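So the sequences go chain by chain: A and B. Mapping of the first sequence onto our numbering: residues 3 to 214, in sequence order. Mapping of the second sequence onto our numbering: residues 3 to 214, in sequence order.
No wet-lab data here; the hints were simulated from the structure. These figures come from a predicted structure and were not determined experimentally. Careful, some of the hints might be misleading.
One copy or two, it doesn't matter: identical chains are merged, so the pair holds either way.
Calculated cross-link-like contacts (lysine-lysine; reagent style DSBU-like; alpha-carbon spacing at most 35 Å) [stated by the list, open to error]: (1) Lys22 to Lys48; (2) Lys183 to Lys48; (3) Lys6 to Lys23; (4) Lys22 to Lys6; (5) Lys99 to Lys6; (6) Lys175 to Lys48; (7) Lys212 to Lys23; (8) Lys186 to Lys6; (9) Lys56 to Lys23; (10) Lys212 to Lys22.
2 protein chains.
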Amino acid sequence: MSVKNIVLDTNAATANQIRKKLTSYGITSFNITASPGAGKTTILEKTILALRDKRKIAVIEGDIVPIDVERLSELEIPVVLADTFGACHLDASMINKALRHLPLESIDLLFVENVGNLICPAHFPIGTTYTVAIASIPEGDDKPEKYPLLFGNADVILINKIDLIPYCPFSIKRFTASVRKINKTAVILPISAHTNEGMLSWLSYVKKSKIS
Amino acid sequence: MSVKNIVLDTNAATANQIRKKLTSYGITSFNITASPGAGKTTILEKTILALRDKRKIAVIEGDIVPIDVERLSELEIPVVLADTFGACHLDASMINKALRHLPLESIDLLFVENVGNLICPAHFPIGTTYTVAIASIPEGDDKPEKYPLLFGNADVILINKIDLIPYCPFSIKRFTASVRKINKTAVILPISAHTNEGMLSWLSYVKKSKIS
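Generate the whole structure from the sequences, applying the supplied hints.
Below, the structure written as structure tokens:
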């Protein structure tokens with residue numbers, strides 16, 4: 003067995019333990035993956051502001067520099083940095099450590115903001131209920147073709163920044179067709195965290211989410 | 003010495019060999035780094051179209067799926083895929099292999115399009131003369147703070163998609179100030195590969211480049 007396979011198998015085992023732990027606490031969790039600058043933190047901010055009165059929310063932040071931890075901490079919910087020590091993705095052991103710093107018995111929804119990267123996060127499941135992939139209009143509509151593992155395994159795909167559609171060469175039809183070649187079931191939601199267009203559909207998805 | 007340090011030292015040694023080899027052939031080379039969707043391939047296309055009659059250009063493409071190789075091959079210049087085998091960055095040994103497939107004696111300018119990622123490519127020099135970091139307006143102006151190694155080590159930083167400035171919360175002043183905290187010397191060029199605004203400054207930079 004190669005070193006790579008040992009690393010991935012160990013990660014998968016830890017991810018399973020995390021899944022069981024979160025389920026036992028009744029926590030529904032989301033692994034948020036995207037390129038740098040696709041809008042992960044802004045979407046999280048808006049989601050937290052819309053739902054924090056109805057659900058008990060916590061965030062694990064996977065950035066290499068803790069700027070977003072400071073940004074989200076202003077929302078008066080528990081936010082913990084998962085230190086990647088410079089690595090380009092979160093792994094399950096980092097989540098395990100971060101969970102020790104969260105009050106699990108009083109959390110309904112846990113959002114994990116992964117490191118901005120479309121490659122490595124797709125190789126490392128972290129035990130969340132849902133995987134969210136965020137694309138954004140200015141990045142172009144070829145991203146599902148280029149990063150099939152990430153978009154192929156997502157439960158929900160947000161197409162963010164749709165307010166920029168008039169100014170960018172992006173076809174939602176082409177993007178959706180590319181996704182469907184590799185992922186028949188993902189829910190695809192066009193949104194703009196900037197103008198709030200489509201955000202109600204995403205919030206509804208989150209509210210209906212189940213641990214399962 | 004840790005495994006990580008051995009890997010980085012081996013890479014640095016190979017990068018030095020590549021630098022010497024390219025210099026001996028009189029080739030000026032550029033390592034193009036950016037997020038996915040920042041505009042690397044479009045900038046390369048426009049650069050090649052503008053300069054291919056005056057300079058002999060070749061490209062090494064570092065994508066995990068060879069879509070951009072096909073795109074650039076239409077420009078009738080040598081384009082080689084550096085296979086990363088799914089990894090999230092190029093390293094010097096991949097460049098060494100790719101160079102075997104290029105006619106080095108008849109190349110003036112070599113562009114290496116790195117994998118779309120703001121973290122790992124910064125840890126792996128690949129022996130090029132220049133390192134180019136591309137940011138783009140919709141990604142937000144906080145990227146130099148979040149990815150200091152990549153923006154700190156760049157020789158030239160392109161701020162692409164400036165045609166989107168009216169629609170995005172991006173301050174070129176804030177971006178530039180963040181860069182200057184970590185990089186006193188990088189040339190910063192705002193451009194739009196879409197509208198061609200600022201492209202002449204970038205082309206002039208490439209034309210004046212020297213092996214050194």
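These are the hints, each one checked on the structure:
| no. | hint | verdict |
| --- | --- | --- |
| 1 | Lys22 to Lys48 | within (28 Å within a copy, 51 Å between copies) |
| 2 | Lys183 to Lys48 | both (31 Å within a copy, 31 Å between copies) |
| 3 | Lys6 to Lys23 | both (26 Å within a copy, 32 Å between copies) |
| 4 | Lys22 to Lys6 | both (25 Å within a copy, 33 Å between copies) |
| 5 | Lys99 to Lys6 | both (22 Å within a copy, 22 Å between copies) |
| 6 | Lys175 to Lys48 | both (26 Å within a copy, 26 Å between copies) |
| 7 | Lys212 to Lys23 | within (15 Å within a copy, 58 Å between copies) |
| 8 | Lys186 to Lys6 | within (29 Å within a copy, 39 Å between copies) |
| 9 | Lys56 to Lys23 | within (23 Å within a copy, 63 Å between copies) |
| 10 | Lys212 to Lys22 | within (14 Å within a copy, 58 Å between copies) |
In terms of the numbered hints stated before, the structure departs from none.
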